[in-house]
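Could you put together the complete structure from these sequences and hints?
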Amino acid sequence: MFEVILLAIVTFIFAIDQFSLTEIIYRPMCACPIIGAILGDLNTGLVLGGTYELMMIGSMPVGGAQPANVVVGEVVAMIFAVKTGMDIDSALGAAVIFSVFGTYVVTIMFTIASSFNSWCDETCSKGDDSGVRKSVIADVLLLGSLFAVIAVVAYVAGSSIQAAMQSLSENAAWFMAGLGEAGKMMRFVGFGVLLKIMLANDMWGYFLMGFAIALIVGNTPNLSGAALIIVAFIGIGIALSNYFTAVAIKQVSANAATEDFSDGI
Amino acid sequence: MASNNTQLNLQDMQFYNDRTPAPKVDKKVLNKMIWRSCNLQICFNYERMQAIGWLWCMLPGLKAVHKNKDDLAMSMAHNLDFLNTHPFIVTFVMGLVLSMEQNKMEIPTIRAVRISTAAPLGGIGDALFWFTLIPIVAGMTCGMAISGNIMGPIMYFVIAFGVEMVLRYVLMYWSYNLGLEAVNMMTANAKEFTRAASILGVFIVGALTANYGGGTTTGIVFENGESPIVLQKYLDTILPCLLPLLFTLLMYVLLKKGWTPIKCIFLLLVIGIVAGVFGLLGSGYDPLVPVPWLTSVPEAATAMLF
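Residue numbers (the working numbering), protein chains in the order written: chain A, 1 to 265; chain B, 266 to 571.
Treat the hints with caution; some may be incorrect.
Stated by the list, open to error - For lysine to any residue, the following SDA-like pairs were computed, each having C-alpha atoms within a straight-line distance of at most 25 Å:
id	chain 1	residue 1	chain 2	residue 2
1	B	Lys332	A	Trp119
2	B	Lys456	A	Asn242
3	A	Lys83	A	Ser160
4	B	Lys498	A	Pro221
5	B	Lys521	A	Asp202
6	B	Lys456	A	Ile234
7	A	Lys134	B	Asn296
8	A	Lys134	A	Thr111
9	A	Lys83	B	Asn414
10	B	Lys297	B	Asn333
11	A	Lys196	B	Gly480
12	B	Lys334	B	Ala287
13	B	Lys293	B	Tyr434
14	B	Lys332	A	Thr123
15	A	Lys196	B	Val518
These are calculated hints, taken from the structure and not from any lab test. In this text the structure is predicted, and so the values were computed from the model without any measurement.
Written as structure tokens, this is what we have:
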């Protein structure tokens, strides 16, 4: 019982850590030994953690399918490896179906958290930061608890629940795919808001130019990784040249005005 | 969600009421912001990504420089814009934005500079950290862990977290002072600078539409014997990233018409679920209802395509 509670607590922390906090502790290299210590088998934790970490950075050939969500992958694989004595490859393989639910939780959380934005908008416009604070707390509690639930399910039900989870995930596939697609599109609202603020009517050309250059650079194999920084350099060049031209025109017209004045005298 | 009188209109915000530069923020506040910057992604969401986390990290600084209550409200509201950058180097953007806030620069300038700095830095951070430092550290320490040495994970954590925190610390102070020095250049010709910053901002949003939006594709494939018809390929011959561009423009038009962001989100949520029912967007799943097309190219035919 004590073991399960501790496991739920560390899973909660890892779930938060995968996006915030240190962003290091959730990595298998650090997390697996911690889980191992809780389950009473530190050595398995070290071995599984080191192996999984090498898989993640791509310097170890991956045997089977790799878990989609790292936190669920490492927690469930550790449970299976310690409790049922599976070897590392089969433990990670058995964790795959659980980690699918981990990614579902992430998708759902990122969607729910999108609604926090307008809540924050409203409270912030009144000069009140309580909306932000409450959003942060709500997000942490929800994300952490949902991950902890997956860990407890894996601990209690073990591999017997795999078939049920498999069919559940197959039935939910269309819905989660749709939700994922909606999620991917939501950033366009963010872009729309930015455009609404910055885009004067004579600036459409710059928008299209940025779009086009990003396409060109992004589809050039050797450059695609650095696409945004390259595009930014080009943009800085355009913006600076516009700035200095505008300043020069201002100075010229200021000079012209004073000359007109002196001519008049 | 209708805007009422007490709510500030985002479009009207151009200047702060109190335009006298605030005194330099003391180290305690900056250090607090550095620690808070660890939580940049705490409310990560699809619509504005790190926006709420960003505001959370900036709050101590904003409260220190804006003593006027309305100014603080305005500042908080515009610091909720879409933002995505790398969490370990975000303090560079934070320092820069704080120095601009402190000098009460024009709000559109701050917004434009923020997105144009943050977005390109995102890519650098990944290359620097996840693709360079972590593989090196893991290469050194994983062997130790696999042979059962507890020092492996400890060294891994100390090095990785140490580098991360040093980066956060150094970048914060560097960019904050850099921003304060650059203020003269930015304010001498404020009108021209705001316009140039907006040009860069619009340019970057255009680039983001292609760079971040590219995931929105249709997976519709019509079976056609040995050469299946892949709809996305035809769309790409018209213009790659056509769907992201159209959706961005649609959102812009709707927002201009007075739609609230939350209404736009619901619209996209409905579009997404409907797309899931009929298999219109995305690939590799079975739509809920039987449809006369596939959502991905059948494996047997993949070889024929390339």
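Hinted pair, alpha-carbon criterion (25 Å max): Lys293 of chain B, Tyr434 of chain B. Please report holds or violated. With Cα atoms ~12 Å apart, Lys293 of chain B and Tyr434 of chain B stay inside 25 Å; holds.
Does Lys134 of chain A pair with Thr111 of chain A here, judged by a C-alpha cut-off of 25 Å? The given pair, whose Cα atoms are some 17 Å apart, holds under the 25 Å limit.
Is Lys196 of chain A close enough to Val518 of chain B, meaning Cα to Cα at most 25 Å? holds (9 Å)
For the pair supplied as a hint, Lys498 of chain B and Pro221 of chain A, confirm whether the alpha-carbon distance does not exceed 25 Å. holds (19 Å)
Given the hinted pair Lys456 of chain B and Asn242 of chain A, is their Cα-Cα distance within 25 Å? Status holds; Cα separation ~12 Å.
Lys83 of chain A and Asn414 of chain B: Cα distance at most 25 Å? holds (22 Å)
Restraint status (C-alpha distance of Lys521 of chain B to Asp202 of chain A at most 25 Å): holds (16 Å)
Lys332 of chain B and Trp119 of chain A: Cα distance at most 25 Å? holds (24 Å)
For the pair we were handed, Lys332 of chain B and Thr123 of chain A, check the Cα-Cα distance against 25 Å. holds (18 Å)
Is it true that the CA of Lys83 of chain A sits at most 25 Å from the CA of Ser160 of chain A? holds (13 Å)
Is it true that the CA of Lys456 of chain B sits at most 25 Å from the CA of Ile234 of chain A? Since the Cα atoms of Lys456 of chain B and Ile234 of chain A sit roughly 22 Å apart, the hinted pair holds (cutoff 25 Å).
Take a quick look at whether Lys134 of chain A and Asn296 of chain B sit within 25 Å of each other, Cα to Cα. holds (23 Å)
Comparing the model with each numbered hint stated earlier shows that all of them hold.
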